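Sequence order for the protein chains is A and B.
Here our numbering is used: the first residue of the first sequence is 1, the next is one more, and so on.
Here our numbering is used: the first residue of the second sequence is 1, the next is one more, and so on.
There's no promise every hint is true.
To be verified - Here's a subset of chain B near chain A, in silico, CB distances under 8 angstroms, partners left out:
{"hint": "1", "residue": "ASN251"}
{"hint": "2", "residue": "LEU386"}
{"hint": "3", "residue": "HIS638"}
If you're looking for bench data, these hints aren't it; they were derived computationally from the structure.
Quick caveat: nothing in here was measured; it's all calculated off a predicted structure.
Backbone N, C-alpha and C fix where the C-beta goes; we use that ideal spot for every residue, glycine too.
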Amino acid sequence: MNTTLANLRPGEAGVVEGFADIDENAQRLMQMGVVEGMEIEVLRYAPAGDPIEVRVLGYSLSLRGKEAANVLVSRTR
Amino acid sequence: MSAQPSPATTPVVVTLGNPNTGKSTLFNCLTGLRQKVGNYPGVTVEQVSGYTDVAGRQVQLVDVPGTYSLAAMSPDEMIAVDVLRGGIVDMPPPAAVIIVVDATNLRRNLFLASQILEAGVPALIALNMVDRLATEGVTLDIEELSRRLGVPVVPISAASATGIDALKLTLDEVLRAPAAPHLVLNPALEDAVATLTVQLAERGVQASAIELRRALIDAGGYAEQRLTQRAGPDLEAMLAALRQQVGGGRNLATLEARDRYSWIQAQLKNVEERGPARRRAGVETADRLVNHPILGTALFALVMAMVFQAVFAWAAPLVDAIDYLTSALGGAVGAALPPGIVNRFITEGVIAGVGSVVVFLPQIIILFTFIIILEDTGYMARAAFLMDRAMRGLGLSGQSFIPMLSSFACAVPGIMGTRVIANRHDRLATIMAAPFMTCSARLPVYSLLIAAFVPERHFVGGLINLQGLVLFALYMLGIVGGAVTAWLISRLYWSRAKARFLLEMPPYRMPNPRAVLSKLLSRAITFLQRAGTIIFCVALVVWVLASFPREEQAPAGVNSADFAAQQLEDSYLGQLSRSVTPLFEPLGWDWKVTAAVIASFPAREVVIAALGTIYAVDGTTEANANTTLTSRIRAAKHADGRPVYTLPMVFGLLIFYALCLQCVSTIAVMRRETGTWRWPLFAWFYMSGLGYLGAYLAFTFGSRLGPG
Chain A
1 MNTTLANLRP
11 GEAGVVEGFA
21 DIDENAQRLM
31 QMGVVEGMEI
41 EVLRYAPAGD
51 PIEVRVLGYS
61 LSLRGKEAAN
71 VLVSRTR
Chain B
1 MSAQPSPATT
11 PVVVTLGNPN
21 TGKSTLFNCL
31 TGLRQKVGNY
41 PGVTVEQVSG
51 YTDVAGRQVQ
61 LVDVPGTYSL
71 AAMSPDEMIA
81 VDVLRGGIVD
91 MPPPAAVIIV
101 VDATNLRRNL
111 FLASQILEAG
121 VPALIALNMV
131 DRLATEGVTL
141 DIEELSRRLG
151 VPVVPISAAS
161 ATGIDALKLT
171 LDEVLRAPAA
181 PHLVLNPALE
191 DAVATLTVQL
201 AERGVQASAI
211 ELRRALIDAG
221 GYAEQRLTQR
231 AGPDLEAMLA
241 ALRQQVGGGR
251 NLATLEARDR
261 YSWIQAQLKN
271 VEERGPARRR
281 AGVETADRLV
291 NHPILGTALF
301 ALVMAMVFQA
311 VFAWAAPLVD
321 AIDYLTSALG
331 GAVGAALPPG
341 IVNRFITEGV
351 IAGVGSVVVF
361 LPQIIILFTF
371 IIILEDTGYM
381 ARAAFLMDRA
391 MRGLGLSGQS
401 FIPMLSSFAC
411 AVPGIMGTRV
421 IANRHDRLAT
431 IMAAPFMTCS
441 ARLPVYSLLI
451 AAFVPERHFV
461 GGLINLQGLV
471 LFALYMLGIV
481 GGAVTAWLIS
491 RLYWSRAKAR
501 FLLEMPPYRM
511 PNPRAVLSKL
521 LSRAITFLQR
531 AGTIIFCVAL
541 VVWVLASFPR
551 EEQAPAGVNS
561 ADFAAQQLED
571 SYLGQLSRSV
581 TPLFEPLGWD
591 WKVTAAVIAS
601 FPAREVVIAA
611 LGTIYAVDGT
621 TEANANTTLT
631 SRIRAAKHAD
641 GRPVYTLPMV
651 FGLLIFYALC
661 LQCVSTIAVM
671 RRETGTWRWP
681 LFAWFYMSGL
691 GYLGAYLAFT
701 FGSRLGPG
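Go ahead and model the full structure; you've got the sequences and the hints to work with.
Here's what the structure looks like:
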């Protein structure tokens, strides 16, 4: 099921399909391992609901909701 | 410290790696405290360099700030590429690169490493944190990894200083028989680079392969911008044709990331085995606590309260001790030397000047102890995660929170603390906002003026006190001033820059005391070397201005306090103050207030001592001095008999002190951290202007409402 990273709840995971817009932030995310085919899991939201913490390549990364909405994923769980 | 050998004979070795890999710990390990801190030319990026002995030969080590990729969107990010291609002024091409890699996070770390292996520079990999592999459940075939990557891989643990000798031995071998790895990930890209090299050479433009690779891949990036300036606007068409040829219409940055990560996947097959991480009870408890919505927030508040308390209160006795030692040393030296101008220069100028530098060390050391421990445990990233939403309203990110908080004690460590902020625009906005926070040097000024002039009225049955309310309002004024400034800078000045918050959340780790100590010493030395010299020089200049031209002897019948007041009035500083008094008349100040305020521009708390001298207060005992000063300024009159210190004028003066940048140490640190005089000068004019305006409005409108 195709959606964006921002729509995954904590505990849910998906496979990265690409980016809606390949902007500077998207390029940085790719350099840090958020690339096509990579598994990504949402660990938690900050108490204010934003930013979110995700796990990719075996390490944790936090990013803002707006940037997460740019990451296209297919939900796996 | 040994003499520095000439650069021609000393090989330069650079350290490069991702953030959070222990790179600076390794650097400190190799160089000890033989470090020099400067700036890379033309950018605001700090360059730390030092010397180390490798098999009996001196090697110069230069650190390149941590980065995840060689891709560059700004001049700052171009440093790594420029270092590798030997394009930094006064720095030869590196004889070798030490790629520092976190063994527990190999896949992401090898992204940058593979880019460096394409650069054609002799390299070796320092595989750091190998001591943590077992707990992470990772096994590595290091020999096979080295064979596949084509460079030596040395397992080390920088925090516990193990493997350093082996690393040096390997570095020695690389330096003796330099052989650059020549990794080629994308042959089509290399063909395009070769074509572009020829096309540029035809028009007389020389460019290195690594630069051209970035110009091709990072469309719109800094490498492309810089190359366009050199090669002309039709470079765009050449790049477009070559990009089409390489990517067939696909974005090359996307292809690079995909290709690189699949290459890494292949290299690590049968080399890295990931089993389940060993469960560590402490870490799991910590994780649950830190991330608990209520307990985690409470813990955060507790940690921040402790940092604030420490910088504010724990430093106080040490600051007092340094003040005491400085004046005791001055007294002893003054008594030992024959009286006269040399004596006064040494005691009041030099010794007091050194004291004015050293007095910042307690706060800097305490704040940085916290910052380093918070970073090394991994909590710093969590704190930024928690605070990000709240700070975003100001155009900042969560990483600005701790520097802002510490600026309530003192802006100097606060501004130094902004190095935790990854985004340079956020960092600049934070630096400009920090001096607005009510620092501990403003407090004595506030308490003197409030106690002397604000009536002690109580409301709500004594719960609210007018004096306390005024103090609170002054704190709020600073916060609002800082918030508006940060907002303006992030909004107006950098409207093009995208706010971003991509933050690696490093795993929880127990900090190593040795590593913490070495980072701490390195920070303290940096402060003394760079900001300390400026602070010291200004202290000397101010002393000279206040002491010359001097009258040698008190005339008969004039007591020493009156004589000191006369001396200050006649000094260059006094003359200067009187000449600019008309400028400050609209604020209700007479020349005495003006002189005290001007004398306190290098350090705002000096205003109290200056007022004491100007009003000829006999400072033999402190209690006596305070009561005398309060009664004298209460009685101060203009020439026409009106009182000087009316309530509107006092509120204006308080606002002036709340908003003005009267701190040469802050200016020196701003210069040091932004790498240019532009920002500190702008801050000085901007804040002084705001202070003047605030004081003018308070005085004008306050006087209209009636004095008192």
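> Which hints, by number, does the structure contradict?
Replying inline: 3
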